[in-house]
Structures are given as C-alpha cells and as structure tokens.
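Line by line, the protein sequences give chains F and G.
Per our numbering: the first sequence = residues 3 to 119.
Per our numbering: the second sequence = residues 2 to 111.
Please keep in mind that the hints were generated in silico from the structure rather than gathered at the bench.
All values reported here derive from a predicted model rather than from experimental measurement.
Treat the hints with care, since some could be wrong.
Stated by the list, open to error - Derived lysine-lysine pairs resembling DSS-like cross-links, with alpha carbons at most 27 Å apart:
(1) G/Lys-3 to F/Lys-73
(2) G/Lys-43 to F/Lys-59
(3) G/Lys-46 to F/Lys-73
(4) G/Lys-80 to F/Lys-67
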Amino acid sequence: EAQVTQNPRYLITVTGKKLTVTCSQNMNHEYMSWYRQDPGLGLRQIYYSMNVEVTDKGDVPEGYKVSRKEKRNFPLILESPSPNQTSLYFCASSLRGGLAGNTGELFFGEGSRLTVL
Amino acid sequence: RKEVEQDPGPFNVPEGATVAFNCTYSNSASQSFFWYRQDCRKEPKLLMSVYSSGNEDGRFTAQLNRASQYISLLIRDSKLSDSATYLCVVFSGGYNKLIFGAGTRLAVHP
C-alpha cells in the first residue's frame with residue numbers, strides 16, 4: 003500500500019531533550035516536506051527536500067533540522083525542543099516538487115502530535 | 002496579510018443543503034489552485050484541483066476568478082460525511098511551493 007509513515011504519532015517530552023520524528027515513504031517520490039499545523043495558522047512549511055541530499059528551509063525552519071540521505075526517509079530533528087514547538091506535525095511527499103512536477107497532490111502522513119513541557 | 006485567506010467558519014448546515022466556501026489569495030502570480038479536505042485529527046487529502054474554466058466532481062464544483070483572486074468550492078446536497086475542514090491551497094511559482102489556507106470548517110447535521 004502506498005503510504006507515508008511517521009513515528010511517533012504522539013510524544014510528550016520536556017524542554018531541551020533532543021528528539022527525532024521519522025518519516026518514510028514507499029512511493030519513490032523525489033519531493034518530501036515537513037509541515038506544522040497550529041490552530042488558526044494552517045499548515046506552515048518547515049523544511050523541504052527536492053531530492054536526495056537536497057534540502058531547503060521553508061517558512062518556519064528555526065529550531066529544526068532535517069536530512070535526506072536516502073530517497074525514502076526524511077527525518078525531522080528537534081535538537082533542543084521548546085514549548086513553542088508544541089504542534090501537530092505532518093510529513094508529506096509528492097512525485098516531484100516545484101513547478102515542473104507539481105500536480106498539487108501531496109501525500110501526507112497521519113501526523114505526529116508533539117507536546118513540549 | 003496572509004497569502005491565502007479563508008473564512009474559518011464553522012458553517013453549520015442541514016443535510017441536503019448547498020454550501021459555498023470562498024478563498025482569496027494575495028499573489029497574482031499564483032499558478033495552480035486546489036482544495037484539500039481534512040477530517041478531524043487526520044491528515045489533509047486532495048479533494049480536487051481548480052481549473053480556470055471551473056470544474057465539477059460529482060456534488061462538488063470549484064471555480065477560479067483570477068481577476069478578483071479568489072477560489073470557490075460549492076457543495077450540493079450536503080451529506081453528513083462532508084463534515085470536515087476544507088483547505089484552500091495555492092501553488093506559488095514565485096515561492097515554488099504550495100501555500101495552505103487555515104481552512105474552513107463544515108458541520109453537516111441531520
């Protein structure tokens with residue numbers, strides 16, 4: 003089954019304790035992206051990757067890191083989480099990114115609800 | 002000003018009603034437009050693309066007005082299962098990415 007898988011789905015942690023949210027897709031997609039969703043603000047892009055070893059900042063990259071060593075995986079790293087990073091996080095992928103490949107269809111993972119105390 | 006703006010709702014309508022949502026976007030160079038649906042606590046999923054000439058998919062009709070920079074979604078004969086949040090999404094060539102509105106919540110009641 004074609005899917006985007008995120009883990010963990012739920013996490014409560016404390017300020018400063020490094021954590022990683024994993025994301026994996028099995029559709030051989032080139033483009034992957036991380037979003038956070040907060041009430042009233044919609045989905046905001048954190049980082050995206052056009053392909054392996056190609057990553058770039060989105061709208062709200064502060065406090066986050068990513069890597070794209072393999073096509074299927076795109077982990078999101080919070081080196082020192084703070085309470086303002088409490089949010090619902092979505093990983094998404096599409097066949098290609100940018101104007102050339104954009105059909106508007108992003109495939110989303112089920113989301114990871116993170117609480118930082 | 003937000004790049005993509007939507008009325009947050011909620012729109013509370015009875016089954017069988019027709020309901021319309023509007024969405025405005027600020028970047029006149031925006032190139033592609035979409036509606037996504039997001040059920041409570043779930044991931045967003047593409048509902049339909051919006052074409053310049055307008056398009057229909059069953060009970061759903063999407064329209065684009067480039068001159069006024071707005072997009073609309075019309076749902077006819079609402080079903081209970083249509084209850085969800087509807088996200089307006091714009092592809093901005095200038096920023097080379099999809100930009101999401103905050104969503105309009107629809108609640109269909111018996």
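Okay, the hints, checked on the actual structure:
At most 27 Å may separate the alpha-carbon atoms for a hinted pair to count; G/Lys-3 and F/Lys-73 exceed this at roughly 33 Å. For the hint pairing G/Lys-43 with F/Lys-59, the CA-to-CA distance comes to about 25 Å; that is within 27 Å, so the pair holds. Only pairs whose Cα atoms come within 27 Å are accepted, and G/Lys-46 paired with F/Lys-73 is accepted, the gap being roughly 22 Å. Taking the CA atoms of G/Lys-80 and F/Lys-67, the gap is near 42 Å; set against the 27 Å cutoff, the hint is violated.
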